[in-house]
Structures are given as structure tokens and as C-alpha cells.
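A.B. asks: Read off the chains here:
2 protein chains.
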Amino acid sequence: MERSDRTLIIIGGKEDRANNKVILSEVARRVGSGKLVVTTVAMTNGTDQLFEQYEKAFRALGVKHLYNLEISEREQATLPSKVKILDDATGVFFTGGDQLKITSQIGDTPIFERIREIYDDGGVIAGTSAGAAVMSETMLVEGGDENSHVIGGSVRMAPGLGLISGVIVDQHFMERGRFGRLMGAVAQNPKNLGVGIDEQTAIVVERGNGFYVLGSGGVYVIDGTQVTYSNIAEEDMRKTLSIYNVRMHMLSQGDRFDLLNRSPRQMKGRAAEKLPEKEEEQETATV
Amino acid sequence: MERSDRTLIIIGGKEDRANNKVILSEVARRVGSGKLVVTTVAMTNGTDQLFEQYEKAFRALGVKHLYNLEISEREQATLPSKVKILDDATGVFFTGGDQLKITSQIGDTPIFERIREIYDDGGVIAGTSAGAAVMSETMLVEGGDENSHVIGGSVRMAPGLGLISGVIVDQHFMERGRFGRLMGAVAQNPKNLGVGIDEQTAIVVERGNGFYVLGSGGVYVIDGTQVTYSNIAEEDMRKTLSIYNVRMHMLSQGDRFDLLNRSPRQMKGRAAEKLPEKEEEQETATV
Chain D
1 MERSDRTLII IGGKEDRANN KVILSEVARR VGSGKLVVTT VAMTNGTDQL
51 FEQYEKAFRA LGVKHLYNLE ISEREQATLP SKVKILDDAT GVFFTGGDQL
101 KITSQIGDTP IFERIREIYD DGGVIAGTSA GAAVMSETML VEGGDENSHV
151 IGGSVRMAPG LGLISGVIVD QHFMERGRFG RLMGAVAQNP KNLGVGIDEQ
201 TAIVVERGNG FYVLGSGGVY VIDGTQVTYS NIAEEDMRKT LSIYNVRMHM
251 LSQGDRFDLL NRSPRQMKGR AAEKLPEKEE EQETATV
Chain X
1 MERSDRTLII IGGKEDRANN KVILSEVARR VGSGKLVVTT VAMTNGTDQL
51 FEQYEKAFRA LGVKHLYNLE ISEREQATLP SKVKILDDAT GVFFTGGDQL
101 KITSQIGDTP IFERIREIYD DGGVIAGTSA GAAVMSETML VEGGDENSHV
151 IGGSVRMAPG LGLISGVIVD QHFMERGRFG RLMGAVAQNP KNLGVGIDEQ
201 TAIVVERGNG FYVLGSGGVY VIDGTQVTYS NIAEEDMRKT LSIYNVRMHM
251 LSQGDRFDLL NRSPRQMKGR AAEKLPEKEE EQETATV
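Protein sequence lines correspond, in order, to chains D and X. Going by the working numbering, 281 is the number at position 281 of the first sequence; the sequence numbering is gapless. Going by the working numbering, 188 is the number at position 188 of the second sequence; the sequence numbering is gapless.
Do not rely on the hints blindly, as some may be mistaken.
Stated by the list, open to error - Ranges of calculated distance between the beta carbons of each label pair, as one might list FRET restraints:
(1) D:K56 / X:N261: 40 to 46 Å
(2) D:G62 / X:S154: 32 to 38 Å
(3) D:A60 / X:T228: 58 to 64 Å
(4) X:N189 / D:R265: 22 to 28 Å
Said to hold, decoys possible - Okay, derived cross-link-like pairs now, DSSO-like style, lysine-lysine, Cα gap no bigger than 30 Å in a straight line:
(5) X:K239 / D:K56
(6) D:K268 / X:K239
(7) X:K268 / X:K239
To be clear, the hints were calculated from the coordinates, so they are not data collected in a lab. Glycine included, C-beta positions come from ideal geometry on N, C-alpha and C.
So here's chain D without its partners, still in its complex pose (with noise of 0.2 Å):
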């Protein structure tokens, strides 16, 4: 593949892996007779099981080359033998569980290294949940579900693998209420664009520079360009977050939308017509 090809499928949790299985097509789509490794770094426990899930919906679409990257501490992301599961690999795939285990483990590390490389190689670099939030420069940990943003409130942030620069992405976004606390990202810093991301929905990230929507539920673009006022930087750190004027989009999939401009525009063929049907919920082991 050309460097110009490389690819973020950035996924809002909750994909399909049992049916239509609509987003996970793409990633075995583009990963292609290529070898995609896909790594549960951001979990604990239940590790084997949720490779098997992935495993099974991956084969099942076609993909070959299927390997387990498997970290469980940070030490084994400096061994050769866990580098070398990389090794001509076109495609990496995140699994959901915790964001900081997989910042805490793989960044600054040999194992990042080798990922950032195939994704400069034009590779795709995949995530869902967890997997989705460590894709951006800074990441959000935790809080603020179901509420306003308050100035001093419970959201953490921490650095993310820095994938994708310029754009703060939240997922599970309307089932979790997160909508406040991306607001309270934005305010903090608008050259980050805020990307809320449903379940069972992702953004395809096309040369770093664009994406597109592809699943059941909606994409939310918060735009802080053209903020008037905010009361963020203020020092009483109860006051719940006052911000004017901020320019929002809602994508579907047949919405795609331009990063360098900040516009969307609705898109033609394949992947505006082929809408799948709202998923099921699933039983599955992530979060």
C-alpha cells in the first residue's frame, strides 16, 4: 500500500460482531489479504474469549492473517517476540476496556513504534470504545456522564496515542450522556474539534485529513472555532460551563466530513446506500 492510503477506523463501542457485522466489514475490507493483529491490551481479564469473538467475526469476513497481540504488562511491550507479531502487518484492531491500560503499556514502547509505522505505511489502524479513545492527542478518561459540564468537575484527561491530531474524540456518546463533557473539552482548547461517537457507529479517518460515517447511530461534530465567550477559565470551580455560539453538526452514515475545513457534505455510492438495520444489543465481555 502507498503511505497516502493509511486509515483510522475510529468505532463509538458496541460494534456488531455477530450479524451484519457492518463496520467490522470495513476493517477486514481494507485490511484485504493483509495481516491484521488485533490487540486486548486495554483489558484485564476475559482476554482469550474476546479474541475469540473478534477472531470468529474477522474469519467469518474473510480475513487470513489473524493474530493475537496480547500485553498484560508494560515490560512485555519491549519484547521481540511480542514486536514481532507486527511483522508485515497491515492492520492493527483495539479492542474496548480501559484507555490508560493502553497508553500506560504500549506508549513510548517499541510495540507503538512498530503500530505508528504501520499506519505511516498506509496501514489501518482500527479501535472501538477504549480502543477509540486513545487514538486523539489527549483522551478522555472519565466522568461527566449524564451531566453539565462543571468547571472543576470530575472529567479526566490524559494523553492519548496521538493518531489523529486536532479532534478530541468521546464514544458510547448518546448512551452515555457525554455530551457535556466533550462540550467541556472543547471549551478548554477549540483547535480540538470535539467527535462524539455513538455505538454500534465509526468514522473511517482517510489520510488523516477527513472521514466518513458508517453504522446505525450518529456522529456529533463540535466546532469551538467561532466561541464568543466561555466562562471556563474562571476561578469558582462550581460553576457549571457557559459557552456561546458553538457550531455543531450531526452525521449519519452518507455524511462525510472534512478535518482541514471543518465542513460536512453528504456523501455518494457504496457506503450512503448500504444503511444496516439498527444491531441488536449484544452480551459481550467489553466495555
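Given chain D, put chain X in place with the hints provided.
C.D. replies: This is chain X only, laid out in the frame that chain D set:
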């Protein structure tokens, strides 16, 4: 009072009734030495206990003339003995419960005519939760919690009391993940401004042309005037809403909003300064 003083106090639910009572204080302050009628028409059971809660709260806030208007069937809304309770009233307070009970039982009855008169004569009409939803011409009744809006989805609307026009109000806003459904309502007709009010938070609408925020949470204003595209009228009812270029303001205590030119600004003085601490969750019979 003069006609120009008429006020709506629209509360997102769970306002404090036991401690500092920031929102109920404002109701009491505006009723002053006048007569306040609390109506539990939205409730089926437990109306006595609920009235007692409000009675205790309002008496503690200095309201001397306080009456209970209980209506359990539509027939009662035409009885002279019930209408009489509203004689000389300068304030009416709608408790929470079921918004359809309010509109179906008092819509187009002498009771509602009288309430409308009280308002037009410069009185204060307040409502919390279901009592807040009924204020607008069209009210949100059910569905859509914690989900992005689906075109043919389960969100139900119904005609409200119409005390404020050009606005659709939603309550328990962040707490119940109602961003999606309010976006759906605005997409259907952007002439309506969407106003989502958190719990323990209220808007005080003065003379119908502007409001300020009171309480500890946020108020979300969704303005569809500049929307450039939406798929709301598409035939495929399974599609998730898509809408571009929504303007949004998130307001909190200290902010004022002009409904005529749809613009926010910071306010000065009393209401901006006295910030209530976040109230503790209360156990109450209402929704």
C-alpha cells in the same frame, strides 16, 4: 402588577425544596404578597404529599396565600368551585408528573382560560418537569432518551399549553440524555428554538422575549436558523438524523438569552453572583 411583568419560570426538574431553594425562592419572590396556587394536575397518586412538600417550602419562603388546585378528571376543570380557587391568584405552579395529564385535563377549559388570564395580567406561571414541558406550543412527551434521533423513531410530541411560542422545551436534559430528541424536534421545524434544561436549573422568561438562567446546571439552546442540510424529511425512516450547521449555546447561571434576536449575553447583578452549590439528590415522589 402591570401586564409587562408577566413571567414564566420553567424548571428542568428536581429543584431543591428543602435547603437553599434557589429556584423556588424566585417563584416566591415574584409572587410576593400575592396568591400562589399549586396544582398537582400532572399527578395521579400522592398529590397530597406532594402539595405538602411545596406548601412547606413556599411557606418557609414567605408565601402567605397558598392554595392547592387538585384536578383528577377533566370534568373537574369546568367546576366553578375549582375555578374559584384561582380567583385573585397572581401565581400558578405546576408540579411534575405526566405532561399529557396536564394538557388533556385542563386544555381548553375554564381553568386554563383563567391561568392564561393570570399570566396575561402580569402574573407568574411556573412549572417543573412535566409542568415545564407543557409551557410550549408543541411539547415533547416520550421517547428518545440516551439515543440519537432516528427519523421514524419513538419520540412522541403533543400540543402543549402554548404559554411561550417559538420554543420547544425539554427537561432533565443532560441527566436523561435528551440531546438527541431535542435536535430531532428542532430539525423538524427550525422555527422553534430548542431549549434543554438540566435538573435543579430553571429559565426565568420575562415578558416572553428573553430569559435568564437560575440554578446549578446547564441550559442548552439549539438554534437551527442557519442549518444548511438535514435528512429529516427522507423516506427511509430507519435513518439516523443528520443535520449540518446548528448553532448552540450552553448557558448557566449568570447568562441571559434574548429570544427575539436569538443571542446570549452575560448578565450582571444579583442572579449572576449568588451561585448555589450543587444540591444533593432528593428523594421525591415526582419525576
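A.B. asks: What are the numbers of the hints the structure violates, in ascending order?
C.D. replies: Violated hints: 1, 3 and 7; rest satisfied.
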